[in-house]
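Chain order of the listed sequences is E and D.
For the first sequence, counting from 1, position 72 maps to 72 in my numbering; every step adds exactly one.
For the second sequence, counting from 1, position 85 maps to 85 in my numbering; every step adds exactly one.
It should be emphasised that the hints constitute simulated quantities derived from the structure, not laboratory data.
What you were told as hints is all true, and nothing was included just to trick you.
Distance condition first, Cα-Cα at most 27 Å in a straight line; then the derived BS3-like pairs of lysine-lysine: (1) Lys42(D) - Lys69(E); (2) Lys42(D) - Lys70(E); (3) Lys26(E) - Lys42(D); (4) Lys70(E) - Lys57(D); (5) Lys26(E) - Lys57(D); (6) Lys56(E) - Lys42(D).
Predicted, not measured: the structure shown is a model, and the values here were computed from it.
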Amino acid sequence: SQQGEEDPQALSIQEGENATMNCSYKTSINNLQWYRQNSGRGLVHLILIRSNEREKHSGRLRVTLDTSKKSSSLLITASRAADTASYFCATLDQTGANNLFFGTGTRLTVIP
Amino acid sequence: EPEVTQTPSHQVTQMGQEVILRCVPISNHLYFYWYRQILGQKVEFLVSFYNNEISEKSEIFDDQFSVERPDGSNFTLKIRSTKLEDSAMYFCASSLVLTEAFFGQGTRLTVV
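For reference, chain E alone in the conformation it holds in the complex (with noise of 0.2 Å):
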């Protein structure tokens, strides 16, 4: 399967504290997304990093991407309760196919 795999499946940090997710997949990219989704809405997109960027940021996001080890890591910083969500990563790969490819996404719950 493409579909990328996210860790931890569920996080919980204190409001202020800076949140790490992790996904990895398993064929070469084109591309590599990052999508929020609150409970029962449709996923919002965050941010997207090209094969061949290392690193991104985005107001609080910071999103790198590691193709040798075919893995990315999205860092909220300084979290707010808002940004209680489901965060998915999902990766357009090399094949010329334009279709996204979802992992099993983090549970991230921030407490006031």
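Fit chain D to the supplied structure of chain E, relying on the hints for placement.
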């Protein structure tokens, strides 16, 4: 800001009935997708659609499923004879080429 819209938000249907889930993708996008998420589980790829034809489909997308873009704006998913295990959230998404996908808020399908 442009968005993907899905209707209805919730559909209840009896087993064996046909359902049509509707989506209006973002107007200048080229790729269209359907994903599903069984409650509490991962987001699963069903099908992608490009240039008025299916570009890729998963094992889940069997003969009971079909997609259509009837009028250049709507994108529909039809399930011919629903089964209990088809109960899930169904997400429509659209994208340009090799970029982030924008997801709708989903249709919750309940088969009774």
